[in-house]
Amino acid sequence: MIPEIGHFSLILALLVALVLGSFPIIGAARGNAVWMGLAKPLARVQFILIALAFLCLVYAFAFMDYSVLYVANNSNSKLPLQFRIAAVWGGHEGSLLLWALILSIWTVAVSLFSKHIPDDMRARILGVMGLVSVGFLLFMLMVSNPFERLIPAALDGRDLNPLLQDPGMIFHPPMLYMGYVGFSVAFAFSIAALLGGQLDAAWARWSRPWTILAWIFLTVGIMAGSNWAYYELGWGGWWFWDAVENASFMPWLVGTALIHSLAVTEKRGSFKAWTVLLAICAFSLSLLGTFLVRSGVLTSVHAFATDPRRGIFILAFLVIVIGGSLLLFAWRASTVGRGGKFDVISRESFLLANNVLLAVAALSVLLGTLYPLFLDALNLGKISVGPPYFDAVFAPLMAPAIFLMGVGPIARWKEAALPELALRLRWAFGISLATAVILPLMLGNLTPMIGLGLFLAFWVFASSAELVYQRLAKSDLPLLGRIKANSRAWWGMVIAHLGIAVFVLGVTIVKGFESEIAVKMLPGDVAHLAGYDFTFDGVVDRIGPNYQASHGQIHVTKNGVLRTILEPEKRLYTVTNMPMTEAGISPHLLHDLYASLGEPLEGGAWSVRIYHKPMVEWIWFGCLMMAFGGFLALADKRYRLKRRAPSKEVKSSQQPKNSKKAKV
Amino acid sequence: MKRGLIPLLIFLVVVGFLFKGLFLDPREVPSPLVGKPAPQFSLPVLDHPETKFSPKDMLGKVWLFNVWASWCAACRDEHPILVEMSKAGFVPIVGMDYKDTRAEAQQWLDQGGNPYQTVAVDADGRVGIDYGVYGVPETYVIDKAGVIAYKQIGPVTYDALRDKIIPLVKRLQAQ
Amino acid sequence: MTSIRIIRLLALLCALQVPSLLAQEAQPLQPNAAVEVQVERLSTQLRCLVCQNQTIADSHAELAQDLKQEIREMAAKGMTDQAIIDYLVVRYGDFVRYKPPFNPATSLLWLGPFGLLLAGAIGLFTMLRRRQKMTADVPLTADEARQVSELLK
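Protein chains in written order, with our numbering: chain A, 1 to 664; chain B, 665 to 839; chain C, 840 to 992.
Among the hints, a few may not be true.
[Said to hold, decoys possible] Here are the computed lysine-lysine pairs in the BS3-like style, where the Cα-Cα straight-line distance is at most 25 Å:
#1 B:Lys684 x B:Lys815
#2 B:Lys700 x A:Lys382
#3 C:Lys907 x A:Lys511
[Unchecked claim] From chain A, some residues computed to sit far from chain C (all C-beta separations above 12 Å):
#4 Leu357
#5 Leu433
#6 Leu443
#7 Gly444
#8 Tyr469
#9 Gly544
#10 Pro545
#11 Asn559
#12 Phe621
[What the hints assert, rightly or not] Only part of the chain A face toward chain B is listed, based on derived beta-carbon distances under 10 Å:
#13 Leu288
#14 Leu298
#15 Gly311
#16 Val319
#17 Ala330
#18 Asp343
#19 Ile345
#20 Ala377
#21 Gly381
In short, the hints are calculated from the structure, not lab data.
Every residue, glycine too, gets a C-beta built ideally from N, C-alpha and C.
The following block holds chain A by itself, in its conformation from the complex:
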């Protein structure tokens, strides 16, 4: 009965989404206030219906209803409760439901926090989001129904893929989807603006906090996934340039460009068409990622079981949504005004150059990800494009972008002078160059990549220090007052940029200085790595809820002093008969010690891999700093959400501007 309620509320949600996607948009075009007014309540009803469906599926998982096919395929009675709930999004159908739920959450959020947006604009935005929702609900109901019954019911489920039985599964997908789907808001704002011909600074200011929020979620989601891979896959890698990782990274790159370009549109009225294009692309790439995961076009660790009907459905959906919006863009973008004048050397130009680099980087990732498919489709053979390619291509594209990060915030709007910039940044440049050479020499490994990485990281540190110093030194206020004198958005930018530097530093150090050994260890044996002594204490058997484990223990000493204990584990999940490794990790600010158990060898020995990973935690800490910078920017005074109906003068002032824009 419960699954049927879920199924039925999905059908109702589809009907609601159809009305939401049509009447308010038509109403906005005809100036029909009643039709426009439907948008808000419908957004809420849609959310309630989808949330109800989602809860029904959670219920089926929590109470082990194996008469539901999807539950039987992705759960098991021995699976602990938290993973049974996370298993809701462990497969294709449920993750799609999560997608739809999150879309309805964003839609409701827009309906709640849009009191200051003109009625026609709000109606269009919610309508566009409703149309996207129609696609996903239709997809689910036609070819991916999570509530499909299994008759006769299974006695027990086939269990969740052991790789997914991890706390990472609880946070990573919802965060990532919040980011992906969050870009639908910026997308809907853009489409609404193109439809209404109302692309101006106010539009940029409205869509900016939504974009930043989505970007924060995406940043944290990607970071959580990377961290999960680091401890779950057992060899300490944190990024693999896997097709689906790339699919999450492309929207991030474009979303980052979008945040910066929105800043210019808001402040200077420039780059409007480009900003709109970025907003369309960020969401389009999120949709493309969804297609790649679910169509079986590319192989990936993340890919779901494939079904060509699904592939064709999503592809048709992509053509309608992305193709339609790009067509609208081609048609309406030229009507968008040009905005303010600025010089070749100005903050605008630096930001635009940065945008170009980020866009080229995103396109390059797309090229590398799809290239094997291109060749295969043209019958030119099968190739693989993997980490060596992306590393080789990505670094030269990102290096100038990071260099510009040091210059842009210092340059003036409209017109900056190169000599002045050079003068202000000469110390930062000197310090970072010196560090890039001296530090690796001290550590005993100077390669071009290490030098470049350190230079860029210290360049951002030093130029940010210069920026902050100039801002804070020019005042007579007490220090706290001086800090407060600068906006939160500005501090957010500084911290996010420092986050990039921390990230680059972590990547450079861990890639340049990590070390590992693979040893055969009997209980009592000692191995040595990076000045630490690793003593193997042996392995004991353990029984988990749905697995059997060999639980190893290694105690780590340095100069005879106990430092930490590593507890790597090797598990065999009994239902799926899949072995898994759980690495034993001792995280530390300066370096991680990481051990994983290999195979048991003859005579009670085990093969053990031990890794020393200097500053690897900085990678994720840098991501968190970026996200925190985003939060600070959101908390800025000008985005304080005033819950107040738009005043009459605002409405009236809106009209002449519309007509003016239409003429331009």
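Keeping the supplied structure of chain A fixed, place chains B and C upon it in accordance with the hints.
The following block gives chains B and C in isolation, referenced to the frame of chain A:
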């Protein structure tokens, strides 16, 4: 404005490829060995370990070289088809038992029937690497001169037999 | 958490006192360290054909282990990286290489990003030049700016 159309055009090209991609299998890797002489080896025969089999023994004949193992689930699917084909007797099938134990392999043939003229034993998988085997079962069509003409990755199905393997074998035999 | 760990460790250390006096040096899994460096370098560039989204270094699949052993033996014979990669490409095709070779079919792959960068730079430059020639500065008029700030109040 024409420039505004560029993103749309790029997108449409990508869509074209994605559509084509829906009908391709990214997991199937064509063998670079097709059109090249079958790698030479000399391996013991399953039921007579003292005698050796070598592809040279088959020179002058068109033959099928089927890589299988008793632990391989997909081999179970194709086995009856191979047995039926061996009864028809128009092309000799040589098997290679890949990374398997003799006892289990023998038991498999006793139960499922033996479609093979000879079974070579590749216990450590070395010859498998020379043939670029990455997932059993795999089947090679080798011509009279000892050149690999075709490789079937995965189980031999009726469709593959009818559409590819049988016509190819007939053509090669006529040469 | 930590205190429990320490107690557990102390108990363990007591139990293990005798063997720890006889502590042995752990033996490396593979005796030849120089060969292992080459094996590691190569196997992180090669794709496992069974699991298909892992390198041979990372994969636990049996074929990956076999190939790693094969690479190890070739490396021990003193073969160069290129010779070993060629050996595998002859058998499995270019698919095994995570770093695709540069040839006419992959030229777009390798040159594309830099072509895009060039196109972006040219586009940026022409656009900036055109903007510089713009005479009127029409960002927000004072009136528009006031409207915006009112809208956002």
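Hints that the structure is at odds with (numbers, increasing) = 4, 18 and 19
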